[in-house]
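Q: Chain by chain, the residues:
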Amino acid sequence: MNTLANIALRNLTRQKKRTVLLGSAIAFGVMIVTLINGFAGAFSANVSENFADLMAGHVFISGTEKGADDEELSVIRDDSALTAAVEASGAPVRYVTRRSSFSGTLIFEGKKLRTNIDGADLSKETFLRDRLLLKEGSWDSMSDENALILSEKIASRLNVGVGDLILVQLETVTGQANVGEFRLAGVSYDAGIFGQMISYANLGYVNRLIGLAPDEYQTMGVMLDGLRHTEAAADAIYGRLYGGVQLFERGAKDEDGAVTPFQALMRQQKKESWQGVKYRLFTINEVLSQIEQIVAALDTTAGVILVVLFVIIMVGITNTFSMVMFERIGEIGTMRALGVRRGGVRSMFLYEALFLALGGAVAGIALALVAMGVISLFDFGMDSPAFIIMKNGHLSFFLPPLRAVGNVLIIAALTLVAVASPAGKAAKLTPAEALRTQK
Amino acid sequence: MGIVELENVRKIYPLGKVQVEAVKGVSFCIEKGDFISIAGPSGSGKTTILNMVGLVDQPTEGEVFLDGKPTSKLNDAELTRLRHETLGFIFQSFNLIPVLNVWENIEFPLLLGKTRVGKDEKKEWIDHLIEEVGLSEWRKHKPNELSGGQRQRVAIARALVTRPQIVLADEPTANLDSATGEQILELMKKINRELETTFIFSTHDARIVDIADHIIRLRDGLVTENRRRGEEAPAACQGESARA
Numbered sequence: 001m002n003t004l005a006n007i008a009l010r011n012l013t014r015q016k017k018r019t020v021l022l023g024s025a026i027a028f029g030v031m032i033v034t035l036i037n038g039f040a041g042a043f044s045a046n047v048s049e050n051f052a053d054l055m056a057g058h059v060f061i062s063g064t065e066k067g068a069d070d071e072e073l074s075v076i077r078d079d080s081a082l083t084a085a086v087e088a089s090g091a092p093v094r095y096v097t098r099r100s101s102f103s104g105t106l107i108f109e110g111k112k113l114r115t116n117i118d119g120a121d122l123s124k125e126t127f128l129r130d131r132l133l134l135k136e137g138s139w140d141s142m143s144d145e146n147a148l149i150l151s152e153k154i155a156s157r158l159n160v161g162v163g164d165l166i167l168v169q170l171e172t173v174t175g176q177a178n179v180g181e182f183r184l185a186g187v188s189y190d191a192g193i194f195g196q197m198i199s200y201a202n203l204g205y206v207n208r209l210i211g212l213a214p215d216e217y218q219t220m221g222v223m224l225d226g227l228r229h230t231e232a233a234a235d236a237i238y239g240r241l242y243g244g245v246q247l248f249e250r251g252a253k254d255e256d257g258a259v260t261p262f263q264a265l266m267r268q269q270k271k272e273s274w275q276g277v278k279y280r281l282f283t284i285n286e287v288l289s290q291i292e293q294i295v296a297a298l299d300t301t302a303g304v305i306l307v308v309l310f311v312i313i314m315v316g317i318t319n320t321f322s323m324v325m326f327e328r329i330g331e332i333g334t335m336r337a338l339g340v341r342r343g344g345v346r347s348m349f350l351y352e353a354l355f356l357a358l359g360g361a362v363a364g365i366a367l368a369l370v371a372m373g374v375i376s377l378f379d380f381g382m383d384s385p386a387f388i389i390m391k392n393g394h395l396s397f398f399l400p401p402l403r404a405v406g407n408v409l410i411i412a413a414l415t416l417v418a419v420a421s422p423a424g425k426a427a428k429l430t431p432a433e434a435l436r437t438q439k
Numbered sequence: 440m441g442i443v444e445l446e447n448v449r450k451i452y453p454l455g456k457v458q459v460e461a462v463k464g465v466s467f468c469i470e471k472g473d474f475i476s477i478a479g480p481s482g483s484g485k486t487t488i489l490n491m492v493g494l495v496d497q498p499t500e501g502e503v504f505l506d507g508k509p510t511s512k513l514n515d516a517e518l519t520r521l522r523h524e525t526l527g528f529i530f531q532s533f534n535l536i537p538v539l540n541v542w543e544n545i546e547f548p549l550l551l552g553k554t555r556v557g558k559d560e561k562k563e564w565i566d567h568l569i570e571e572v573g574l575s576e577w578r579k580h581k582p583n584e585l586s587g588g589q590r591q592r593v594a595i596a597r598a599l600v601t602r603p604q605i606v607l608a609d610e611p612t613a614n615l616d617s618a619t620g621e622q623i624l625e626l627m628k629k630i631n632r633e634l635e636t637t638f639i640f641s642t643h644d645a646r647i648v649d650i651a652d653h654i655i656r657l658r659d660g661l662v663t664e665n666r667r668r669g670e671e672a673p674a675a676c677q678g679e680s681a682r683a
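These protein sequence lines map, in sequence, to chains A and B. Counting from 1, one number per residue, gives the positions in the first sequence under the working numbering. Counting from 440, one number per residue, gives the positions in the second sequence under the working numbering.
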């Protein structure tokens with residue numbers, strides 16, 4: 001190792017208390033930032049995975065049929081081509097779901113509330129029972145044709161209880177006004193901002209309400225082995241469908257002020273004209289593209305915290321190294337007399353700061369990893385209001401390695417900036433000045 | 440011309456708003472292999488002159504010649520290289536590097552500069568120096584584990600490790616008891632004889648003055664005496680007229 005770097009490393013052990021204090025300050029800052037980065041890293045995957053469970057799929061195919069008077073009906077009447085494409089795609093498919101849904105107004109004792117209701121074949125979608133825990137009622141009651149599961153918040157706002165009959169006003173796929181009646185079979189725990197949006201009913205009853213035949217539906221959901229397969233599977237299925245059925249173009253651009261790729265796709269659909277059924281294929285990532293904005297905001301917050309913490313820590317480092325320079329002024333003079341150049345003196349201080357920063361940063365990342373491990377052991381349960389951001393009821397973390405490396409580099413750079421001034425002053429001293437000033 | 444020559448050297452320090460003239464036009468010449476004492480009371484300019492001879496400080500006026508070459512026009516990097524290649528330093532407060540052990544402190548100057556010494560040759564030479572200064576048992580010890588005399592021995596070995604032509608010693612016995620000071624002086628005199636290294640001391644110590652080949656006395660920044668031992672006439676280098 002370079003002699004001056006070796007001396008710099010050993011110099012860190014001279015004032016152990018001071019080194020430990022400075023190193024701890026750096027480690028603390030890095031730990032906080034790494035925890036936020038780790039949380040943000042897992043946030044997107046957790047939300048998408050949980051939402052995929054609630055929506056019953058990673059990849060979705062919906063059909064839109066043009067009627068004789070150019071009206072658009074959201075329906076899949078014959079899914080044989082779709083099923084064949086999914087099977088032929090080679091995608092790691094866990095199961096395929098078929099759902100219809102509508103946005104309607106629930107009415108109970110004069111109280112009204114607009115919400116989305118998903119019709120699902122609950123005899124097949126047994127996984128939904130594991131994902132959506134009920135606070136009241138039971139899944140067994142869903143055997144009633146008009147049974148309904150509402151989230152805790154919606155049930156509370158309507159002031160309904162299990163067994164109550166709820167009137168629903170809606171429009172059929174052809175735009176006809178219709179009414180129906182649901183019996184509340186269960187109340188699910190609130191699943192955060194996303195989970196509140198969905199209520200569940202039987203597919204057959206929903207189809208009847210919206211004017212579809214019992215064997216028809218609106219959206220096919222393809223549940224994969226994991227979120228990571230989503231885009232590849234979507235491409236493969238799209239490739240298999242291409243040429244066999246009418247398809248909307250994938251990857252529509254964010255035009256006309258569309259906020260998400262999904263919105264862009266919907267706008268594209270409105271502009272186009274066709275005969276028969278045209279299918280659109282979209283993924284959970286497109287639906288939840290705003291999650292990426294949340295992740296970006298979290299990462300930006302972490303970056304701001306990193307910089308603010310380090311501006312404070314940098315003041316401490318600058319002061320400490322100014323003091324260190326004064327304490328070692330005799331040594332600087334001796335080294336200069338013995339043949340160390342100005343650049344060598346500067347490098348020695350910079351090396352010392354760099355080792356301190358790297359030591360602190362590595363310790364901070366190690367502490368953060370331990371903290372992540374400990375926090376992820378806690379089981380908050382699937383009934384936690386924050387379950388949507390968790391993985392099976394546990395807070396989970398994923399620290400992208402490049403982000404960790406980036407943080408270490410930022411800290412190393414900021415520390416070097418903090419030490420640049422005292423190191424420069426030490427380098428500028430003439431040997432005579434340094435030797436005269438020594439204690 | 441000698442190995443060191445000072446020609447009308449003046450040094451003025453700013454001290455707040457006041458200018459202090461520490462050296463007021465000094466000229467002298469030192470022959471290779473001499474054991475020289477620059478003596479005088481505190482404030483007479485001994486250390487300032489030693490610093491200028493050692494190229495750690497530059498004169499305000501005049502010229503310092505090292506081995507016949509003027510040094511006032513050299514930049515910092517050139518001065519640093521010349522110091523490293525030509526000079527060794529022994530300080531009153533030993534000035535060892537606290538985080539390095541005895542062996543490493545002595546090795547340190549060899550790790551600087553561009554000339555690289557072979558590993559075996561280096562080890563042999565450092566071991567020899569350690570033996571010469573009587574610290575064979577202490578080679579792994581850090582400076583804070585050594586006595587004052589031992590530290591000064593390390594400093595002597597460090598000053599000699601690059602085989603310099605000149606060793607500058609600023610009050611080398613001032614922080615030592617008289618017995619240890621005596622031993623250190625004997626050691627330096629022995630090295631001076633064996634290696635023909637020029638030793639230049641700044642000192643109050645009468646013992647150094649007594650064993651010096653060449654004595655330069657200063658008072659208030661001026662040379663008051665400059666003679667070789669046993670000679671009355673002012674000392675001069677071969678081929679030079681005497682300056683006093």
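If you're looking for bench data, these hints aren't it; they were derived computationally from the structure. If you're wondering where the values come from, they're calculated on a predicted model, not measured in any experiment. Please note that a few of the clues may not be correct.
As the list claims (entries may be wrong) - Distance condition first, Cα-Cα at most 25 angstroms in a straight line; then the derived DMTMM-like pairs of lysine to aspartate or glutamate:
#1 K581/B - E633/B
#2 K428/A - E502/B
#3 K428/A - E460/B
#4 K628/B - E671/B
#5 K16/A - E543/B
#6 K456/B - E500/B
#7 K558/B - E543/B
#8 K463/B - D299/A
#9 K391/A - E292/A
#10 K428/A - E584/B
#11 K428/A - E633/B
#12 K428/A - E671/B
#13 K124/A - D78/A
#14 K456/B - D164/A
#15 K512/B - E433/A
#16 K553/B - E500/B
#17 K508/B - E470/B
#18 K425/A - E571/B
#19 K16/A - E584/B
#20 K391/A - E327/A
#21 K428/A - E500/B
#22 K581/B - E71/A
#23 K425/A - E502/B
#24 K153/A - E49/A
#25 K471/B - E584/B
#26 K135/A - D53/A
#27 K512/B - E571/B
#28 K562/B - E524/B
#29 K17/A - E671/B
#30 K553/B - E584/B
Unchecked claim - Sample of chain A residues at the chain B side, in silico, Cβ under 10 angstroms:
#31 N2
#32 E331
#33 G339
#34 G406
#35 V408
#36 I410
#37 E433
#38 T437
A virtual CB, placed ideally from N, CA and C, is assigned to each residue, including glycine.
Q: Which hint numbers doesn't this structure obey?
A: Violated: hints 1, 8, 10, 11, 12, 14, 16, 18, 20, 22, 23, 25, 27, 29, 30, 34, 35, 36 and 38.
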